[in-house]
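Chains A and B are the protein sequences, given in the same order. Take the first sequence: its position 291, counting from 1, is numbered 1030 in our numbering, and each next residue is one higher. Take the second sequence: its position 186, counting from 1, is numbered 925 in our numbering, and each next residue is one higher.
Hints in this document: simulated from the structure, not taken from any laboratory. Among the hints, erroneous ones may be present.
Which copy is meant is left open, so a pair is good if it fits within one copy or across any two.
[To be verified] Derived DSS-like pairs: lysine-lysine, alpha-carbon spacing no greater than 27 Å straight-line:
| # | residue 1 | residue 2 |
| --- | --- | --- |
| 1 | K1306 | K1029 |
| 2 | K943 | K1275 |
| 3 | K1173 | K943 |
| 4 | K1051 | K1157 |
| 5 | K1275 | K1051 |
| 6 | K1051 | K1306 |
Number of protein chains: 2
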Amino acid sequence: MLFHHHGYVSTDPRVHPAAGVGIDRSPELPETMDVLVVGAGPAGMATTAQLAMYPEIMTCLIDRRPHRLEIGQADGIQARSVETFQAFGFAEEIIAEAFHLTEMNFWKPDPENPQNIIRTARAVDDPTGVSEFPHLIVNQARVLDYYARFARNAPSRTEPYFGWEFVRLEVGEGEYPVSVTLKRVGDDPQSGTNPGEERTVRAKYVLGGDGAHSRVRRDIGAQHVGAVSYHAWGVMDTLAETDFPDIRTKCAIQSTHGSILHIPREGGFLFRMYVDLGEVDQNDAGAVRKTPLEEIVRRANEIVTPYTVDVKDVAWWSVYEVGHRVTDRFDDVPAEETGQRHPHVFIAGDACHTHSAKAGQGMNVSMQDAFNLGWKLGQVLTGLSPESLLSTYSAERQPVAQDLIDFDLEWSAMMAAKPEELESETALEDFYQKTAEFPAGFMTQYPAGLLVGEATHQELATGFPLGKRFKAHPVKRVSDTNPKYLGHQHTADGRWRIYAFADSAVSSATDSALRRWADWMDSAESPVRRFTPEGKDLDGLFDLNVVYQQPHEEVELMATPSVFRPKVGPFQVSNLHKVWGVDPENDVFEARGLSRDGVVVVVRPDQYVAHVLPLTATQELADFLAPIFSTD
Amino acid sequence: MLFHHHGYVSTDPRVHPAAGVGIDRSPELPETMDVLVVGAGPAGMATTAQLAMYPEIMTCLIDRRPHRLEIGQADGIQARSVETFQAFGFAEEIIAEAFHLTEMNFWKPDPENPQNIIRTARAVDDPTGVSEFPHLIVNQARVLDYYARFARNAPSRTEPYFGWEFVRLEVGEGEYPVSVTLKRVGDDPQSGTNPGEERTVRAKYVLGGDGAHSRVRRDIGAQHVGAVSYHAWGVMDTLAETDFPDIRTKCAIQSTHGSILHIPREGGFLFRMYVDLGEVDQNDAGAVRKTPLEEIVRRANEIVTPYTVDVKDVAWWSVYEVGHRVTDRFDDVPAEETGQRHPHVFIAGDACHTHSAKAGQGMNVSMQDAFNLGWKLGQVLTGLSPESLLSTYSAERQPVAQDLIDFDLEWSAMMAAKPEELESETALEDFYQKTAEFPAGFMTQYPAGLLVGEATHQELATGFPLGKRFKAHPVKRVSDTNPKYLGHQHTADGRWRIYAFADSAVSSATDSALRRWADWMDSAESPVRRFTPEGKDLDGLFDLNVVYQQPHEEVELMATPSVFRPKVGPFQVSNLHKVWGVDPENDVFEARGLSRDGVVVVVRPDQYVAHVLPLTATQELADFLAPIFSTD
C-alpha cells in the first residue's frame, strides 16, 4: 500500500482523496452520466467499484432494492475471486470472516448395509497450489459490502442509488446515446421523487447486471438460450445439532434415497444443504416448488442415515429446478453488425449465464465479467483507447459463460445421478479432482486478438500462459528486503503491468539485454512516454517492474535503470518498489519457466497475460500496444 | 470468527450486538462509572478496548485532545504487539498497511576512506521465528484508530470522551471510592459544558495513561525515578530523494560525524531518521532543543556521506535528550500498605516508563501493560475474582518496565557511541542479534504467584514456559480440516484457555488419561462448572481445547469427550472448533516438547501461560484456579 507521497496521511490510507466527480458529489441521481449500471449484484457492484477508481468517470449504480442486500443466495468464492479481492484491497478481511474450504469429502452407501452412508474419500482442495489464496464460502451480501466500501472510498466517491427500477432503454445517437427509463420504488428522501414516478436518464454506456430475468438483455434483443432440467432440489441454510461428523466439511453425499451437496458456511455453525428432491414430472407445472421445508428436512435426514440432523433454525431456504442458459451475446451489437458499430449496452452476471448452484460458480464468473469490462470502459471513457476495445468484452466473456454452462451441466447431472448410474464407483471424486482448476476459476484463457498477443514467444515464459491470469509468485523486493508475491502489487487501479525479467547480467552491468530494453523504454519511442497522459506520473498507466535473476542482496538498487524507479507525486520522490530479486528457495525463473536470456511479460489491468516477448522485441511490444492506445 | 449462532448476521460480524451498558448508551460523560481511563494513548486505548468487551462494565475514556490523535511519535510495532492485534481482530488490516521490517543493515566508516560510510552487515529480523507475525512500523495514530474501532464495535459501545482534562483525584471510601476532578477543554456540544468548567466524577477504578508527565502518578505519590542523559538527537519524518541504497531498510549508521538510526515508514516513501546531535553540556539548559531542522538535515547529510539526502517534505520533527525513568509502583498502594488494602488507581504506559525511542519499545510495552490490566479489572468488576487480583498488575508489570529501561540504556548508549568506543567492530550488530527476543517483546516472564503456577511440571511442556506468552503453533482442526495456528482463537474476549494435549490413545478410546481428565472437567468438581457464571454458555469463561497426537483424519470428532464440544447460543448448537489434530509436518508435540503422556496448559486471558500440569493433576488444577475465582 503506497501513500504519504502526496503528503502525510493521518487517517485510513485505503480512503483515497476525493477527486474529479467525487468532489462534492451530489447524492441525487444525475440526468446524464458516463455509465449507468443496473443492478447492485456481484457483476454490477464489481464493475462500479472498478470504475470508481477513475475520477473522470461519472458512474451511477441503481438497484430496485431500497437498501443493501441483506441475505444473498450465492456463497461460493473461488480462489480467482479472492485474487480479485486482493486487487480490490479486501482479501485479508474477507478471508478472516469466511469459511475456508480446504477439503471435500465423499459419502456413499455402505456396501455392507446400503441404507447407511459411509465416508469413502477425502479430497484436498487445490492440492497443486493453483493459487496462493484459499477457497472460501461467504455470503454474497458481505462481498457486496466490501465492493461498496471500495467504491465509496475511491476518488469518485461512488455509492449506489437504491430504490430505482430499470424500465426500458433505447440506444440512439449523440454524446449520451442510451436513453433509459427508470421508475422510483418507495420514497427517496434525497430527490423527493414519488413512488412509481418515472424518470429518463441518458448515459454513454449501460451495463445490465440485472439478473436472470434481465430487462436490459430483453431490450438489446439478446437470446438467453437453454432449458430447465426436470430435477428438483431443496436448499436450506440452517443451524442444527447433528452426529454427522463432517457437518463442518464440504461433502457430496450419495445415498439410496438421493443426494446432498453439503456446504459449511462462514461463522462456524451455519451450513447449507442442497437436498435432492428427485426427478420432476414434465407436467408438474411448478408443483414441486411448493415442497415444504419439513419435507426437505425429512429427506435430508433420510439421506444421511444413520446420522440425524436436528434442525434448530433456518436462515433461508428455497426449492428450485436446475436451469442452464447462456446468452448469445453480451452487448447490443448483433452478430451481423459486428465491426460496423461499437457497443453501448452490456450485460453481465446472471443476465448472461444461469445454471445450478452446485459448482459455486455464479458470483465468481459474474465478478470476472465485471473485472473484464470495468477497465475497458475506463480506458475508453478517459480517452486512452478507441471504442473498438469494448467489442472485446462480449467476444472474451461469452465463450467463458458457455464453458461454464457445459461444465455445470456435467457436474450437476453427476450430482443428481444415483451411484449405480455413474460410470464408476469413484466417478464423482475423480471428476471433482480432475476438473479442479475449472471451478477454482483458472481455466479462462482469452484467445489472441487486440488484447492478447500471439503465442510466438510463449516458450520464453511457459508458466505465464498468454490469455490466462498472471499467477503470482514469491520474490524479494530489493529496496526493503520484503518477501512478496510478484503480482500482489497489481491492484484494481486500471494500470497495465509490464514485468521485465532480466537476462543473467547483474544489475550494475552497463551493457545487457535488460539495460538496452530499459533504455528503449525510457526513450521517445517508449509506449510509456507515448501513451501515459500528460500530468500523470510516469507509472500512471504502465507499472514497470524488473526482476533480476540474483537474490535481492546482490542487486544494487541505485544501479538499476531509472525507468524502474520513477519519480512520483508532488514531491517527485522515487518509487523504489519495482525492483526485485529472486527468492533463492523458490526461484520465479525456475517455477515459471522463464528464459535465462530474459523475457517481458505484459499484463492487462484485469490481471490477464497480454503478451510474452523477448527483451529484444521492442518493436513488437510497441506494435502490440499501439492499436490498444490509438484513439482513432 | 464465530457468528450466526445467535441467528443470522447479515452485516459485519466484527460488530457485536450492543449489550449491557452499550444499549442506548448516552454520549454524555456520566457522573459515576466503573472505570475512568485518563488518556487515549496506546495504554489507555488498549485497556478501554479490552474492557469494552464486558457489557456489564461502564468504562469512560477521557482525553484532553479535542479529537483523535492525528500524528503520533511512536511507530515501532514489535511482533508481540501484532499478536495482540490479532487478538483484537485487526492484525490483517494493520499488517497490510504497515512497513514490514524484515532486515536491519549496519553501516560504518569505510576503513580505506573513513569519511565515507559503507554497509558492513545485514541482519535478518527474527531469524529464529520467535513469532509467526511480522515486525512492523506504523504510526501510533492508526494503532489507536483500530483499538477505537474495536471498542466502538464491542458490546458496551465505548467511545472516547474528548476534550476533558484530568485535574486531580482522591481515593476515599464507598462504592465509587475515587473522586476525580476534570476540566472541560474547548466546547462540548453534547454536554453544553463551558471551556474551563470543572466537573467531579466518581469511579470504582481509575487508570492513568496520561503520559510522561502523568498527573495521576503525581496524585498517587508514585516516584518516577531516573535521569536525562546529556546526549541529544534530532528526529524527523521526511520524504526525500536520495542515492542512499538502504533508504527503505532499517539501518544503524555509524560515521565519523555521529550516528543515525534510520527507520523506513509505512506507505513506501516516508522515513524517520534519528540523527545524532552529540553530547550536550550539562549547563546547556535546553538550548540544544532549539536546533533548527536545517541543522538536523545538514548533520544527516554529513553522516551519510558519500550519499546525499535531499529532503523534500517533513511531516514531523523534534529535538530531544534521552531520558530513562521508571516509576516505583504502578498503583496507589505504597509498599508499606501492600496486602492491607487493594488498589483503586493504576498507571500504565509512559506514566510508568520513559526512555529512548531507539528500540521501538514504548507503545508496545504500554499496550502490554493494558493487556495485563484489562482482564483483571474485568474479572473483578464482574464479580468473578477477588479484588486482590488487582495487586498483581503492579507486581507483574513494574519489573518489566525496569528491564526495559535497563535494556534501552544499554542500546541507546551503544547507538550514541563512536565506533572506536565500542567493545568490538561488530558490537552493535552482535548486541542487536543476541537480544532480538527482547525488543520483539518476548522476554517478559511473569513469576510464580497467584496467576502463574509453580514450574513443578514444566518438563511436560518445555516449549510453553510458565509466565511467558503462549506461542502459537500450526495444528489442524478436525471438524473442518482447516490448518490453523493453535492460539489464534485466543481473542481478547476475557476468557481463559485450557489446552488438553492428549496422551497417545486415539480419540475413540473409552479409557485414556485424556478421557479421565475430560470426565472430571465435566463433573461437579470441574472449575468450568463451578466458576462459569449462570446463564453463560459452558465455554463462556474457560475455552477448553483438545489436541490429539494423531493427524486430523484419524480423530473421530463425534467420539471425543463432549466437554470439548459445548452447546452454545440460544439454539444450543455444538461448537465443533475445539478439537485438533497435529500437523504431521510440524507436530506441535515435537515442536513444543510436549509429553506423550499428555499435558494440560492453562493460559490467561492476556495470553500468558498460567500453568502446566499432567492430565492426572486435576486437584492441582482446581487448587490453582480456586483463589483466582474465589470472591471472598
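Comparing the hints with the structure gives:
Within a single copy, K1306 and K1029 get their C-alpha atoms no closer than 65 Å, and across copies no closer than 34 Å, so neither meets the 27 Å cut-off. Only within a single protomer do K943 and K1275 lie at most 27 Å apart by alpha-carbon distance; the minimum there is 25 Å, versus 59 Å between protomers. In this assembly of identical chains, the alpha carbons of K1173 and K943 never lie at most 27 Å apart, being 44 Å within a copy and 65 Å across copies at closest. For a Cα distance limit of 27 Å, the shortest separation of K1051 from K1157 qualifies neither inside one copy, at 29 Å, nor across copies, at 72 Å.
Taking the shortest Cα distances, K1275 and K1051 sit within 27 Å of each other only across copies (19 Å), while inside one copy they are farther apart (58 Å). With identical chains, the CA atoms of K1051 and K1306 are at most 27 Å apart between copies only, with a shortest distance of 12 Å across copies and 61 Å within one.
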